[in-house]
Amino acid sequence: MYDFVVVGVGPPGARFARRVAEDGYDVLVLEKGRIGEPLACSGHVSTDIWQFTGSGAREELFQNEIYGARFHVGGPRSDAYPFYKQAVASNVIDRVGLDRHLAELAREAGADVREDHTVTEVTEHHDRVTVVANGPDGVVEFEAKMVAGCDGPRSRVRDELGLPQPDEFLHGVLAFSEEDDHQDFVDVHLTPPTFFAWRIPRGEAGVEYGLAAPPGVHVTKHFEDLIDGYEVDVSHRCSGAIPIGPPDRVTSQRAFLIGDAAAQTKPFTGGGILYGMTSADHAAREIDPDRPTTLAAYERAWRDDLAREQQLGHWIRRAYSLPEPIQRLGLGTLSGEIGVHMDRPTSLLSLEHLKAVLPGR
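Per UniProt numbering, residue 1 is the first one in the sequence shown, and the count goes up by one each step.
There's no promise every hint is true.
[As the list claims (entries may be wrong)] Restricting the straight-line Cα-Cα distance to at most 20 Å, the calculated cross-link-like pairs of lysine to aspartate or glutamate (DMTMM-like) are:
| no. | residue 1 | residue 2 |
| --- | --- | --- |
| 1 | Lys-145 | Asp-127 |
| 2 | Lys-145 | Glu-286 |
| 3 | Lys-355 | Glu-337 |
| 4 | Lys-85 | Glu-337 |
| 5 | Lys-32 | Glu-115 |
| 6 | Lys-32 | Asp-112 |
| 7 | Lys-32 | Asp-137 |
| 8 | Lys-85 | Asp-184 |
| 9 | Lys-145 | Glu-121 |
| 10 | Lys-221 | Asp-233 |
| 11 | Lys-32 | Glu-121 |
| 12 | Lys-32 | Asp-116 |
| 13 | Lys-145 | Asp-26 |
| 14 | Lys-145 | Glu-160 |
| 15 | Lys-85 | Glu-352 |
| 16 | Lys-85 | Asp-187 |
| 17 | Lys-32 | Glu-104 |
| 18 | Lys-221 | Glu-231 |
| 19 | Lys-145 | Asp-112 |
| 20 | Lys-145 | Asp-288 |
| 21 | Lys-32 | Glu-143 |
| 22 | Lys-145 | Asp-290 |
| 23 | Lys-32 | Glu-141 |
| 24 | Lys-145 | Glu-299 |
| 25 | Lys-145 | Asp-23 |
| 26 | Lys-145 | Glu-124 |
| 27 | Lys-145 | Asp-281 |
| 28 | Lys-32 | Asp-159 |
| 29 | Lys-145 | Glu-22 |
| 30 | Lys-85 | Asp-48 |
| 31 | Lys-145 | Asp-3 |
| 32 | Lys-32 | Glu-160 |
| 33 | Lys-85 | Glu-65 |
It should be emphasised that the hints constitute simulated quantities derived from the structure, not laboratory data.
Take the sequences, apply the hints, and build the full model.
Shown next as structure tokens:
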């Protein structure tokens, strides 16, 4: 009988496993394949990422520093509207390496992390949860006091227990080119219907190109237009679902969701690494496996922390679909130095942002 079975070893699952293992709980962590594979997430993150990693992580994972973004209402050759900070705004990192680093931290804390275990059944009982998985040696069954569903946008835990779905799923596509690029700006294109595309320089690791849009949009065609506009050859293509809008409930009797499984993502970018790990910390602080009623405290804690950010993020996303003349007017008026934190839209109202923008207005 484990205290927790954690399904999924992305950043939220690894972070939660590490935290509760450090607290002395008996934790089993199951990953359906190899940790970090296949890649389905951008490596562009805020500098807050280093608060969640171990010693030496920056030297191991760092690829590039970013000071700002050039926004385009059109393709690569269209006018650019730069937004920037005087200090480093974000980092580009080895995304696969991040997953492996965080999983190793969970192991070092005492969690039993197992790869190649595909969970097929999750059943709640009044006093425990049973988890069935296909492993390298066949079908295995585990028992735990609670189960954490950290298994991504198409969560098996969520579906097995009948928890509600996120509000929507976007279709995201990533690909990479091999040219060295040490630019300190990313490029953001507002041309895809209702979302956006991006270009992220990764230093000696190449360049990341990506695009996301809702179902029904010809994502592949828009992505081909993007890379044709940049006149590059790309490889290592990958795609996946991006959950937007958390459901009203991410907990059941003895189970809870963290990360993409709970749609703990930024509505205006689809990114969820920091939101997921922040929510994992809330879960580790609030949930006692011997007291199922503490699941309600987790629901309150992560929503109190992220709800305003997600609500404002939805309003920012709506601006992506405004008519082009309005987009150009808004970008032209607002571009320049900013003091906004990329993970916290509420920082638009911060003193740091006001100090950055007022002198030039």
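Now for the hints, and whether the structure bears them out:
1. Lys-145 to Asp-127: Roughly 7 Å separates the two Cα atoms, so the pair holds.
2. Lys-145 to Glu-286: Distance of about 15 Å is within 20 Å: holds.
3. Lys-355 to Glu-337: holds (10 Å)
4. Lys-85 to Glu-337: holds (6 Å)
5. Lys-32 to Glu-115: holds (6 Å)
6. Lys-32 to Asp-112: Since the Cα atoms of Lys-32 and Asp-112 sit roughly 14 Å apart, the hinted pair holds (cutoff 20 Å).
7. Lys-32 to Asp-137: holds (14 Å)
8. Lys-85 to Asp-184: holds (11 Å)
9. Lys-145 to Glu-121: holds (16 Å)
10. Lys-221 to Asp-233: holds (15 Å)
11. Lys-32 to Glu-121: Between Lys-32 and Glu-121 the Cα gap is close to 13 Å, so the pair holds against 20 Å.
12. Lys-32 to Asp-116: holds (5 Å)
13. Lys-145 to Asp-26: Holds - the C-alpha atoms of Asp-26 and Lys-145 are around 10 Å apart, at most 20 Å.
14. Lys-145 to Glu-160: This hinted pair holds, its Cα atoms lying about 17 Å apart.
15. Lys-85 to Glu-352: holds (11 Å)
16. Lys-85 to Asp-187: holds (15 Å)
17. Lys-32 to Glu-104: Holds, at roughly 17 Å.
18. Lys-221 to Glu-231: holds (15 Å)
19. Lys-145 to Asp-112: Distance ~16 Å between Lys-145 and Asp-112 Cα, so the pair holds.
20. Lys-145 to Asp-288: holds (10 Å)
21. Lys-32 to Glu-143: holds (18 Å)
22. Lys-145 to Asp-290: holds (7 Å)
23. Lys-32 to Glu-141: Roughly 15 Å between the alpha carbons, so the hint for Lys-32 and Glu-141 holds.
24. Lys-145 to Glu-299: Distance ~18 Å between Lys-145 and Glu-299 Cα, so the pair holds.
25. Lys-145 to Asp-23: holds (16 Å)
26. Lys-145 to Glu-124: Distance ~9 Å between Lys-145 and Glu-124 Cα, so the pair holds.
27. Lys-145 to Asp-281: holds (19 Å)
28. Lys-32 to Asp-159: holds (16 Å)
29. Lys-145 to Glu-22: holds (18 Å)
30. Lys-85 to Asp-48: holds (16 Å)
31. Lys-145 to Asp-3: holds (5 Å)
32. Lys-32 to Glu-160: Roughly 16 Å between the alpha carbons, so the hint for Lys-32 and Glu-160 holds.
33. Lys-85 to Glu-65: holds (12 Å)
Every hint from the earlier list agrees with this structure, and none is contradicted.
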